[in-house]
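Residue numbers (the working numbering), protein chains in the order written: chain B, 687 to 989; chain U, 687 to 989.
Check before you lean on any hint, since a few could be wrong.
Which copy is meant is left open, so a pair is good if it fits within one copy or across any two.
Stated by the list, open to error - Listed below are the simulated DSBU-like cross-link pairs for lysine-lysine, each with C-alpha atoms no more than 35 Å apart in a straight line:
1. K698 / K735
2. K946 / K826
3. K697 / K946
4. K853 / K866
5. K826 / K853
Calculated directly from the structure, the hints in this document are not laboratory data.
If you're wondering where the values come from, they're calculated on a predicted model, not measured in any experiment.
Protein chains: 2
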Amino acid sequence: MFADRLIKSIKKKGNPSVMGLDPRPGLIPQFLRDSFGGDLCQAVFEFNKALIDAVADLVPAVKLQIAFYEALGLEGLRAYHRTAHYARERGLLVIGDVKRGDISSTAEAYRDAHFHGYFQCDAVTLNPFLGYDSIEPFLKSCIEGGKGVFILVKTSNPSSGELQNLKVGDEYLFQYLGRKVADWGRDLIGEYGYSSVGAVVGATFPGELEDLRNIMPHTPLLVPGYGAQGAGGTAVANAFDDNGLGAVVNSSRALMGAYKLAEKPEYITAQQLKRYTRDEVLRMRDDITGAIKNRGMDIREKF
Amino acid sequence: MFADRLIKSIKKKGNPSVMGLDPRPGLIPQFLRDSFGGDLCQAVFEFNKALIDAVADLVPAVKLQIAFYEALGLEGLRAYHRTAHYARERGLLVIGDVKRGDISSTAEAYRDAHFHGYFQCDAVTLNPFLGYDSIEPFLKSCIEGGKGVFILVKTSNPSSGELQNLKVGDEYLFQYLGRKVADWGRDLIGEYGYSSVGAVVGATFPGELEDLRNIMPHTPLLVPGYGAQGAGGTAVANAFDDNGLGAVVNSSRALMGAYKLAEKPEYITAQQLKRYTRDEVLRMRDDITGAIKNRGMDIREKF
Numbered sequence: 687m688f689a690d691r692l693i694k695s696i697k698k699k700g701n702p703s704v705m706g707l708d709p710r711p712g713l714i715p716q717f718l719r720d721s722f723g724g725d726l727c728q729a730v731f732e733f734n735k736a737l738i739d740a741v742a743d744l745v746p747a748v749k750l751q752i753a754f755y756e757a758l759g760l761e762g763l764r765a766y767h768r769t770a771h772y773a774r775e776r777g778l779l780v781i782g783d784v785k786r787g788d789i790s791s792t793a794e795a796y797r798d799a800h801f802h803g804y805f806q807c808d809a810v811t812l813n814p815f816l817g818y819d820s821i822e823p824f825l826k827s828c829i830e831g832g833k834g835v836f837i838l839v840k841t842s843n844p845s846s847g848e849l850q851n852l853k854v855g856d857e858y859l860f861q862y863l864g865r866k867v868a869d870w871g872r873d874l875i876g877e878y879g880y881s882s883v884g885a886v887v888g889a890t891f892p893g894e895l896e897d898l899r900n901i902m903p904h905t906p907l908l909v910p911g912y913g914a915q916g917a918g919g920t921a922v923a924n925a926f927d928d929n930g931l932g933a934v935v936n937s938s939r940a941l942m943g944a945y946k947l948a949e950k951p952e953y954i955t956a957q958q959l960k961r962y963t964r965d966e967v968l969r970m971r972d973d974i975t976g977a978i979k980n981r982g983m984d985i986r987e988k989f
Numbered sequence: 687m688f689a690d691r692l693i694k695s696i697k698k699k700g701n702p703s704v705m706g707l708d709p710r711p712g713l714i715p716q717f718l719r720d721s722f723g724g725d726l727c728q729a730v731f732e733f734n735k736a737l738i739d740a741v742a743d744l745v746p747a748v749k750l751q752i753a754f755y756e757a758l759g760l761e762g763l764r765a766y767h768r769t770a771h772y773a774r775e776r777g778l779l780v781i782g783d784v785k786r787g788d789i790s791s792t793a794e795a796y797r798d799a800h801f802h803g804y805f806q807c808d809a810v811t812l813n814p815f816l817g818y819d820s821i822e823p824f825l826k827s828c829i830e831g832g833k834g835v836f837i838l839v840k841t842s843n844p845s846s847g848e849l850q851n852l853k854v855g856d857e858y859l860f861q862y863l864g865r866k867v868a869d870w871g872r873d874l875i876g877e878y879g880y881s882s883v884g885a886v887v888g889a890t891f892p893g894e895l896e897d898l899r900n901i902m903p904h905t906p907l908l909v910p911g912y913g914a915q916g917a918g919g920t921a922v923a924n925a926f927d928d929n930g931l932g933a934v935v936n937s938s939r940a941l942m943g944a945y946k947l948a949e950k951p952e953y954i955t956a957q958q959l960k961r962y963t964r965d966e967v968l969r970m971r972d973d974i975t976g977a978i979k980n981r982g983m984d985i986r987e988k989f
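Using the sequences and the accompanying hints, generate a full structural model.
Below, the structure written as structure tokens:
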């Protein structure tokens, strides 16, 4: 079951941080550009591989934002596939941040593509705008194939409230949706009390995050918005339960671009890339686990 | 401007029908499977090419549902690219049914992929769940690059009401969203009074369709749900304005599988495939334009 695999890995590494691998071309270090000449997609894969090698012992999972691979065409999507495969080889769970959502027969095609086909991931993000029949085909693979989903409930972007914070009856849309998602995941709860049907809830709205943690006590949260988007450890602490579990926090730009803290980032070496990335992952881990501890919780002590 | 190109093409062909190219493997005729041996993706492209050749003089546009290509991996996506390219060569507009939706910097990557990169289309479908900043990057390409978007407002699937028909204040969510989409497209209205910012509104909910036609008088509607999903000409007539314009109606399965009406579809020839597809497109055209005429409108007479 996906939820149990995720939580076991979080506990083993003592870290709820997920490394986002979103290859914006401007992030690729010069030494990789030099080594792979004009082959941007090979450089993307080698960059991802170097980042995975740097922190595979420190993080439970990676998240791949497929848009940045689609923007590079077929070779970009080959780099996505190779990255997902390599991450799994290194013992990491792979979350495909694809935010797909379509009518049921089309959702089946997306499910086949992203769970069982070329883009194979352990879990994917989904958009709930079309309702349950757009989600259901994926749940089948959660039950039978050990896969997981994270359904958008409250996203991290500035205009997320336009729809998500509409008042429906006496609650907000994100609350209504939170209850739905909790319900959809009811039959997929594993040994730690968490479902393989998770939710995406941005760190940039700490009030909503705290609220949704309460509304969906068995739903693991995938929390974007930490780091480059502005949220810190205190903001994301709301995502965790009293045992320090129940969430993973993603950071992409701040980890992939950590080496830019170097005095001369254009001359960075492979060895230095690794060190800067590890340092930033450790800083993020300590920031989040520290904030959790301040609230009286601890991932490592309690388990 | 996309809206004008679309309407000119509809008027020229006297037909608001769009052919959906959703290559479910079960639809590919046997003679194409035989010709291209084990190469399913080549067979998909040749099937699409044959369908385009069959009706290029009869329809203004094709719509490609990318999920069915993603399910076939990289070679499937190559077939998507080749199909889009070939359709444009034959003078058809190409709508990428991708339903993407993500935070702004990610939306830029999707825009680059689907408007200007390998998956280049004239227009794409978008999911509005994340609000305006997920849409805005695409609007830039509508203004500067002559592209178009169709934003999901009321989808054709059975559970679409779960979110879309929630009551927000004294209106339904789809109505609220309809007003938003109309507003987002206000600066992109062309010579026929229609915007390059369109909306997806399913034919399976004729009441909502009529309502949204009134709420968004300058918004072209992309109407799925005709044919295999159950809606007929009378249901979709509500999508059109008093001049018989303002909408395109998509059919995928009923057109791609029209040849299955043959007595022995497994022995169908290229020539017969063409005839069955044309016949079904003509039937659909006459069904829709007939229903429009019954409401006192006519695409061809008025223009």
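Hints and how they fare:
1. Taking identical chains as interchangeable, the C-alpha atoms of K698 and K735 lie at most 35 Å apart only when both belong to the same chain, with a minimum of 22 Å there against 53 Å between chains.
2. With identical chains, the CA atoms of K946 and K826 are at most 35 Å apart between copies only, with a shortest distance of 30 Å across copies and 43 Å within one.
3. Within a single copy, K697 and K946 get their C-alpha atoms as close as 30 Å, which meets the 35 Å cut-off; across copies the closest is 55 Å, which misses it.
4. When the C-alpha separation of K853 and K866 is checked against a cutoff of 35 Å, the pair qualifies both within a copy, at 16 Å, and between copies, at 16 Å.
5. When the C-alpha separation of K826 and K853 is checked against a cutoff of 35 Å, the pair qualifies both within a copy, at 32 Å, and between copies, at 30 Å.
Checked against the numbered hints listed earlier, the structure breaks none of them; every hint is satisfied.
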